[in-house]
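Taking the hints into account, I'd like the entire structure generated from these sequences.
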Amino acid sequence: RLFHQNQEKSLGNIREGIAYAKARPDIYVVMIMVFALATFGLNFQIFNALMATQEFGLGPASFGLMGTFIAVGSLTGAIGSARLERFRTTRFVIIGGMLFSISIMVLSVLPNYTTYIVWLPICGVTALVTLVSANSIVQTSTDQVIRGRVMGLYLLIFMGGTPFGSPLIGLATDYIGIRPTIALCGGISLSASLFVWIKYRNKVTTPADISVAAVLKSANSAQNN
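1 is the number of the first residue of the sequence shown in the numbering used here; add one for each residue after it.
These aren't lab readings, by the way, just hints derived from the structure by calculation. Given the structure is predicted, the values throughout are model-derived calculations rather than measurements. It cannot be assumed that every hint is accurate.
Unchecked claim - In silico DMTMM-like links for lysine to aspartate or glutamate, alpha-carbon gap of 25 Å or less:
1. K217 to D143
2. K22 to D143
3. K203 to E16
4. K22 to D209
5. K203 to D143
6. K199 to D26
Given below as structure tokens:
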């Protein structure tokens, strides 16, 4: 017999996951950061392709090498992040987002192909360390009862950011060129990181009790007050 999920119950489960994330500043701040970085920073396919062809006058082989250098940095960041486990806090993600944003802005002013590809691993390291930390925080600091729903929301924000930003980046490139567009993307990500740091840096402590009941009860009490 086919299994039919109760639609009302399904919607209630989704709403509960969203409510839980909203009631946890340490989690929703991470999601804000991931959205900003994924939307405006993680667009290396566009950045590299247009820098290789328009700015450096190079072909597919040079573009492919750019991907290799990004991969080297990403692998280094993924391996290195294992040693940074004790630093994995929401504040660390915000600082990592700032560093990644700055690394993107630096790309826009590098004068030639050699300096550009040498800098790409820095972008890869800062991106992966930040994203691995963000993913780890959301998974390990969420009540296991609701973890799947919160991670679904996290992945929606993360994976949905890049397709949303790519058309905007392409449009900006048509009007102002690739270098100003890269600088603008890095600037937007940095501005978002600074805003989050100023507004939330003292509100992102993980609560002592992360259970769904305790978190939602605390949120309701705060609203009533």
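Checked hints:
1. K217 to D143: At roughly 14 Å apart (the allowed maximum being 25 Å), D143 and K217 satisfy the hint.
2. K22 to D143: 14 Å, holds
3. K203 to E16: OK: K203 and E16 at ~21 Å, within 25 Å.
4. K22 to D209: Given pair K22, D209 holds - Cα atoms ~16 Å apart, limit 25 Å.
5. K203 to D143: 19 Å, holds
6. K199 to D26: Distance ~12 Å between K199 and D26 Cα, so the pair holds.
In terms of the numbered hints stated before, the structure departs from none.
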